[in-house]
Amino acid sequence: MTTQKKTPGDDSSHTPIRRFRAPDDLWEAYESVCRRVLQRERSEDLVEHMVTTVREHGDAKELEKLARAEAELSERRARKGGRPRKET
Numbered sequence: 060m061t062t063q064k065k066t067p068g069d070d071s072s073h074t075p076i077r078r079f080r081a082p083d084d085l086w087e088a089y090e091s092v093c094r095r096v097l098q099r100e101r102s103e104d105l106v107e108h109m110v111t112t113v114r115e116h117g118d119a120k121e122l123e124k125l126a127r128a129e130a131e132l133s134e135r136r137a138r139k140g141g142r143p144r145k146e147t
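According to the numbering used here, the stretch in the sequence shown is residues 60 to 147, in order.
Take these hints with a grain of salt, some might be off.
[Unchecked claim] With a straight-line cut-off of 20 Å between C-alpha atoms, the simulated EDC-like cross-links for lysine to aspartate or glutamate are: (1) Lys124 to Glu103; (2) Lys124 to Glu107; (3) Lys124 to Glu134; (4) Lys120 to Glu131.
Just so you know, the hints here were simulated from the structure itself, not pulled from any lab data.
Can you build the whole structure from these sequences, using the hints too?
Put into structure tokens, the structure is as follows:
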């Protein structure tokens, strides 16, 4: 997995873009299932999975990082009034 590097002038109010490798067919099928069954975007599902995994298996240091990350996400959502779902 790679992280898109921030450049001077990047908006710090946005989370960095993460990239990882997955076959196109899997990525597209996952998007379809998330929208159809879970009524959400892939990124929402992936973040929830990551949070759940860290909560279940994280050590003290990792749980501390999770708490900071959740606080950051909460602050961003509050600042934006929550992010409304896109209308399709």
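Next item on the list: Run the structure past the numbered hints and jot down the numbers of the failing ones, going up.
Entry: none
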